[in-house]
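Engineer: Sequence:
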Amino acid sequence: MTVFIKNMSEFKKFLQDPSYNSMSTLIFITFFLFIGALLPGVNWFSLGDFSLEMVNFFHTVMIPFVFLLLIYSSELLSLHPFEKKMVNLSTYPILFLTFLGLIFFYPSYTQNLDYIIQAMRDVWMLILALMFFISLLMFPFKEKDKFRKIWGAYFLIFVGTISVGIASIMGMIYEYGSLFSFSSIPWFNNYVTGWGGLETFLGNIITSHSHQMLPALMAGIVALASISFGYEKLPLVKRSIVNIGLLIAIIGVISMSYIYFISSFGTYAIPSIFIVPGTYGMNALALDDSQTSLIGFGALISIIGLYYALSLKRPEKLLQALEMYVWIATMAVMIVIGYSIEFNETYYGFGASGSPPNGGPGYLYDMAFTDGHLLYAFFLMPLLAGIILVFIHFIKSHEFLKNIATLFAVAGITIGGLGVLIYTMTLSWYIEAIGLGLVIVSILFMTLPFTETITGRIRHSLQQDK
21 MTVFIKNMSE FKKFLQDPSY NSMSTLIFIT FFLFIGALLP GVNWFSLGDF
71 SLEMVNFFHT VMIPFVFLLL IYSSELLSLH PFEKKMVNLS TYPILFLTFL
121 GLIFFYPSYT QNLDYIIQAM RDVWMLILAL MFFISLLMFP FKEKDKFRKI
171 WGAYFLIFVG TISVGIASIM GMIYEYGSLF SFSSIPWFNN YVTGWGGLET
221 FLGNIITSHS HQMLPALMAG IVALASISFG YEKLPLVKRS IVNIGLLIAI
271 IGVISMSYIY FISSFGTYAI PSIFIVPGTY GMNALALDDS QTSLIGFGAL
321 ISIIGLYYAL SLKRPEKLLQ ALEMYVWIAT MAVMIVIGYS IEFNETYYGF
371 GASGSPPNGG PGYLYDMAFT DGHLLYAFFL MPLLAGIILV FIHFIKSHEF
421 LKNIATLFAV AGITIGGLGV LIYTMTLSWY IEAIGLGLVI VSILFMTLPF
471 TETITGRIRH SLQQDK
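Position in the sequence shown counted from 1, then plus 20, gives you this note's numbering.
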């Protein structure tokens, strides 16, 4: 009986241990990254937006990733014990529901069950996000001195959490509307009709969901990295540089979120700015893209100060530098290639061959960039950036694996970014595929020490029982 009670006590500790739960979540993510291309209908390199099968796979990886960031953020900020406990206890239910959501997605006879399972998971995640948000509200009162020094990172996490929450709700509203319409909710159905009808509303809201979610999440990762690097210990001037960059990112998150909100739940049409004369208004920068870019520009400014916060230990320093290289590479792809396309839409067009203003002869190259930058800047780069932070936080040894993971990641980021450019110019995706493959291998190397560390703890626990 005593042994049983002891084992139960150890099991409860296991369920509430953030390192165990981070390990389980990371293994889940890494496993599906490796087998993703084998799943039915999942084609990583297909011109244009993701297919429905690819979207489902994307969520199978990215929702656990958001959950991983919840575990890490709660631990890093030492939020309320109840919130941390509930997040950690949710690990295996969230992963299990996500797994079932993938399995039941394919058979036609289980689709209704799949909707229910994924809705349960999404609502659960939303509740956890609300608890996280409430704990954030308590942080300035609980940690007054630290708050004064990291106010930039704190507020970026704060507004990023709100933005991610809004984007999540948009996604859930879209799913409900596309499956059941809104006829059972007369007052909302009337509003939707006034906004342009169901099809227009669903198109607007899913665009806002996808365009808002990842930039807001990436903003949160930048803020978490700043705290992880210990930027509050920097001298006032250097710390202020970091906070100024984070403030610019905060403005970007707020303005982006507002634009996407009023363009979804209203009739606001997002305008273009810096229009090139004589191009039928095609060669210009979309206002929402300019605001999401502020998040990246803020991150780049923060790097100037964060450079002085890098660890003195070589493996950790390399990983921290790798984190910042992810930001730089992502901005290079989004700004250098993305803006070049936006200011040459008379060539790249709107997804159909023709002449301005109906389309452009290079529309296929635009579709290649759509696919290429989604895989790179909106998928594997945020994933890598977040996993690096978790890796640094929980793994204090394994210098060799840290060096190998850094080497593969640098090669993958560089080759993958170059590959997006080649894909856009030639429609050949092989170089980007090699780069993204190297990134996934680097994530595997970051996952391995977790399994070894946890296995060691289990062995130690078993020896004690004997």
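Hints are supplied without guarantee of correctness; some may be wrong.
Claimed, not checked - Computed beta-carbon distance windows for the label pairs:
id, residue 1, residue 2, range
1, N378, Y288, 21 to 29 Å
2, S375, V257, 21 to 29 Å
3, V257, I348, 38 to 46 Å
4, G217, T130, 26 to 34 Å
No wet-lab data here; the hints were simulated from the structure.
Just so it is clear, CB atoms sit at the ideal spot from N, CA and C, and this is done for glycine as well.
Engineer: Of all the hints given earlier, name the ones this structure violates by number, lowest first.
Structural biologist: The structure conflicts with hints 2 and 3, although it agrees with all the remaining ones.
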